[in-house]
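Enquirer: Take a look at the letters that make up each chain.
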Amino acid sequence: MIPEKEITCIVCPIGCKIIIGKQGERLVVLNGNKCKKGIEYARNEVFDPRRMLTSSIRVKGGEWPLVSVKSTNPIPKDKIFTVLEEVQNTTIKAPVKSHQIIIKNVANTGIDIITTKTVHSLKKQGNFL
Amino acid sequence: MGILCQMKNFQVAIIGGGVIGSALAWELSHYKINVVVFEMGSDVASATSKANSGVIHSGINSPPSSLKARFCVQGNRMFQLLATELGFPLKWIGKYVIAKNEDEIKELERLKKIGDLNNVAGLEIHDGLLVKRKEPNISCIAGLWVPTAGIVAPYEYTIALAENAVENDVRFLLETKVFYLKKKPSHFVLGTNNGEFLADVVVNAAGLNCREIVSMIETPDFQIYPCRGEYLVLDKTYSSLVQSMVYPVPIKDLGVLGVHITPTIDGNILLGPSAEFIDDFSDTSTTKEMMNLLLQEAREIIPAIPKNAVINAYAGIRCKLASQKTGGWADYRIEESKHIPGLIHLLGIESPGLTAAPAIAKELTQMISQWIDLKKKTHVRTQAVRRRGFSEMSPDEQSALIQRDERWGRIVCRCEQVTEAEVIDALSNPLKAQTFSSVKYRCRAGMGRCQGGFCTQHIVRIMEQQLHMDARQLKLKSPNSHLFTGQVREETQ
Amino acid sequence: MIEQDADVVVVGGGPAGLAAAVSAKQHGANRVIVLDRNQWLGGILPQCIHDGFGVEEFGISMTGPEYAERYIEMAQSQRILCFAETMVLRFNKALEIIAVNKKGMYKLKTKAMILATGCREKTRWQSMIPGSRPSGIYTAGVAQGLINLYNIMPGKKIVILGSGDVGLIIARRLKFEGAHVMGVVELLPYASGLPRNIVQCLDDFDIPLYLNHTVTSIAGKERLEKVTIQQVDDTMAPIPATEMQIACDTLLLSLGLIPENELAKTTGVEIDDYTGGPIVDERLETTIPGVFACGNCLQVYDTVDMLSFDAKKTGKHAAEHSFKKQSIKQDRKKGLTVHAGDGVRYVVPQRIFTCGTVHFTLRADTPRGISILRLTVGKKELLKKKLLGVNPVSMIRIDAHIPTEILTNNKQVEVTISDT
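Residue numbers (this note's numbering), protein chains in the order written: chain A, 1 to 129; chain B, 1 to 493; chain C, 1 to 420.
It should be emphasised that the hints constitute simulated quantities derived from the structure, not laboratory data.
Pairs of lysine-lysine residues, derived as DSBU-like cross-links and limited to a Cα-Cα distance of at most 30 angstroms, are as follows:
(1) K175(C) - K5(A)
(2) K60(A) - K104(A)
(3) K36(A) - K385(C)
Sample of chain C residues facing chain A (criterion: CB under 8 angstroms; computed from the structure):
(4) V55
(5) E66
(6) F176
(7) L194
(8) P195
(9) T303
Heads up, the beta-carbon is just placed ideally off N, CA and C, and yes, glycines get one too.
Let the hints inform the model, and build the full structure from the sequences given.
Expert: Spelled out as structure tokens, the structure:
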């Protein structure tokens, strides 16, 4: 008897409901996925669940008080709040370019936190007119 | 909030910064006396005075020889001059009371008789066809035309009174609640959360709190029966559906009018008020049944109103002196205390209170003159020019303003076309009212169909800058209605 | 009044406006101007700091700001003039646009105009939620902007009404920033957001999801103190005695979007009551010649990728319109109306004036399993397609060929979805 579990894949907006089971110690994807990424996701979700993290970092002297950031890769689920704490305790100075590394190897995950937006120094306002 | 008011002794202390208190303050500001107004809310007109229809009534609804009738008709006649002098908008759009059957036509005739007895000018009964010509969306068999009915924004009117009073040295203490009132041989002592004050004369214009004030110093001989009125506000898109106010024939037993359709001075339409006796006089909740009923009844009168026309809803409480059982009608009580000289109580000031306010203020001034020698000031600071909004100006005026100050070119409220300059101006008001609502009621930002969807970020930003406050300190409308709980990333030391 | 001429003016510099502007330039339009009322370009995207954008279009999952920056760079490299903090006040049928910013009043005379004005959020009053009116009630988008752009925390104990993606995303964001998310309340028997967001935003944090529930009362003297939620039956009516009170200080409303077309309505652009957006033809031109539309103001999209894809078509057509010697005098009497028939909530475009392949976007009015989508003109079937499952929350996109003879016969195209 193979015990089954249904998980929702989060890789893309479709959100396939994938049915997984265990044959002995091995994970088996029974059905539900529309592509290969789903199999990989299902496997990871059981053995090494991870999530992409997006958040903000405080900027001083910028046209905006915060810069949006993301993790360069999905972070282990059980480390998310540790990573967040480090992100929340970080402050940087403007100007900041998009895709600039702010925290290298955050919380020892081997993953970096990078900006996803440009924040100019406060003097330079109204770039567009 | 530290209110630095060095003066503690006043000749007149007014409890309540609603329309009555503000009208009296304004009236008294023409005399050489010291006046203070205690208002527990964060702005003037923070309770019933802002939550009504904004109608300047003609006087057809009050029994002749009642105070309500007398002050309503007197007040009505004063309004045009007041509007010009104080610079608040006023329109004499007139009112139709419509009849759908013969019985109701008899009601129209009865109302006209009352109006005639009250010296209301220009009343005419029009047949259904004439009403249809003037109001294409209204079907009825007859309508009583009341040309002397007008509309104002009740908060704009109250603010205009209060701000001009401040310009003429009346002190308004906001967020200041009176906790005790004592009579000493030669003066009164008023204890507030901002210290103790002395006054020769005290006027209790506390509205729904009038009984609480009476109880501080004597035994009240009355009860208050709060009667809530809910309103719906319709999108400006539908403003062309009616030109004047349209009321069905009044429902007799409650002593209040039925569901009205009232165009507002800004181009919205108000539906309401409902009339519901409740227990808690501070419960201004709106209810599902009343909101549905208001919309349903309005659509029976004007089927062209779509179901999704509502952009806002609010409620005000009538301070009634008569219970539902007894029919709910009682006249105003504007009287000196029976036992305590120098103390005046205003009890049961409900509709037509807004209209009656200037006349009541004159009456109160008369009453006060028996205790204080009132000498007229030779010079009074008048309201220079009516504060006009960007949206009301011509393109040339708009251009010129932007050249002078670029903040006129930054529109922060899209729905009502309000600029940054107007928001800053609203925040610099002489009353020092510093809430989101005090901006809203002065320049209309946030009152449009998106209800702050676009402007909230801007008004907040401007409030932070102008008031030198951080997010945590900003309030919506009353002393403890904070908008936010802090920052996402707090400033670490 | 500062007077300027343009070939294409785009009202709205969000993803739709930028994509349309870039496309217009690429298709030969000369002077293209984008106007946006915010101090930034990108519309709503700069506050959407979560990822999931651009998967279809670029093959990578980007955050909103990253997606916006791509298009802003494209616009800059195409030398498109972008006026930020500029509000369009009105325009007329001669395509004279009056706009205002801190430099003054502008009158822009243009050959073609694109409406890309996006949406506004539904407020408490569209649902007439009863109760008091304390502070602490925000629409989800406003809260998201305050949090992500202005560093302002709206509250500490949050209830979210509406399980669309906006509500789900903000639930997670609030949880990350230390707030207690008491629950997400949803009227329907299913969550309306993407399954991946239910997982990432609710399941991951054990945030309760109350399906078949709605908020029936709001209480709080000055600041919000609690909400009452109640179960609803299949007519959406609250079921008596199922009230539950949740103590909270913040209520976020994620009730849906309303296409923002007040500007267009004032000028007389005809609006489709079902999309909430302008009635357009296959070239995305509205009922006013020279005025085109794209993005969320035309119809609310599911993903920005689809939105940009369609917006580029609008840009192309607007460009072509701008360099025709005379304005296109389409024989608007000879054309087809496209009607949303049984099973279909709405279809875009609503008019067809040229034969050939037309791209349709539509939504089903109810969830169904295997269904048949049909386009018919009278008895003639133009298209019949089997769909594996339909849902109002997923936009359906199909191409159909409109033959010349149908066009000249001036009929109606009926679009239906049925079980068989």
